[in-house]
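J.: Just so you know, the sequence shown maps onto residues 12 to 151 in the working numbering.
Don't take each hint at face value.
Quick list of simulated restraints, FRET-style, between CB atoms [stated by the list, open to error]: (1) 36 - 107: 14 to 22 Å; (2) 116 - 13: 38 to 46 Å; (3) 56 - 85: 29 to 37 Å; (4) 35 - 147: 30 to 38 Å.
In silico lysine-lysine, BS3-like type, Cα no more than 27 Å apart, as pairs [to be verified]: (5) 101 - 33; (6) 101 - 85; (7) 85 - 33.
Simulated from the structure, these hints should not be mistaken for lab results. We put the CB at the ideal spot given by N, CA and C, even for glycine.
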Amino acid sequence: MTTIVRTIQFSAGHRLWQHESKCAHIHGHNYTVEFHATAEQLDSLGRVMDFSVLRDRLGGWIDRHWDHGFICNKDDREVLDAMSLIQGQKLFVMDVNPTAENLARYLLDVVGPQQLAGTGVRLVRVVLAETDNCRAEVSV
């Protein structure tokens, strides 16, 4: 199996609802995400997919939904109420806390299949780092 890896960087704010420490505060990260993708066979040029197509599809989704936005848990009423007071904010609401683990899983299980539909390419692994020292890895 041949796998390609495309790295995307983005910045976003979040808060971990009911966290026991400082991540309960509103804060942000400069995230780095690695998308590992494969296909059953290489295309006529010998590629899984052109790297720019992977960037446009997956990075484009991140740009539209997460980059320079705020990601929060649907049960975090304080943040949802506060954000509703600020017009024009990019807000992405999840069913779970926006941990590195949950963001990576969402990219693998939801975003990847949606954005790569019809291409014959699928994500097999996502690595999402919120700092240089802290990252989560999920795979199929």
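J.: Against this structure, judge whether each hint is valid.
T.: Hints, one by one, checked against the model:
1. In this structure, residue 36 and residue 107 meet the distance hint of 14 to 22 Å, their C-beta atoms being roughly 19 Å apart.
2. Taken as a hint, the range 38 to 46 Å is violated for the pair residue 116 and residue 13, whose Cβ atoms sit roughly 24 Å apart.
3. Taken as a hint, the range 29 to 37 Å is violated for the pair residue 56 and residue 85, whose Cβ atoms sit roughly 43 Å apart.
4. Between residue 35 and residue 147 the C-beta distance comes to about 19 Å, which lies outside the given range of 30 to 38 Å.
5. Note on residue 101 and residue 33: the hinted pairing holds, with a Cα-Cα distance of about 23 Å set against a maximum of 27 Å.
6. Of the supplied pair hints, the one linking residue 101 and residue 85 holds, its CA atoms being roughly 15 Å apart against a limit of 27 Å.
7. Restraint check for residue 85 and residue 33: satisfied, since their Cα atoms lie roughly 20 Å apart, inside the 27 Å limit.
Consistency with the previously given hints fails for numbers 2, 3, 4, ordered from lowest to highest.
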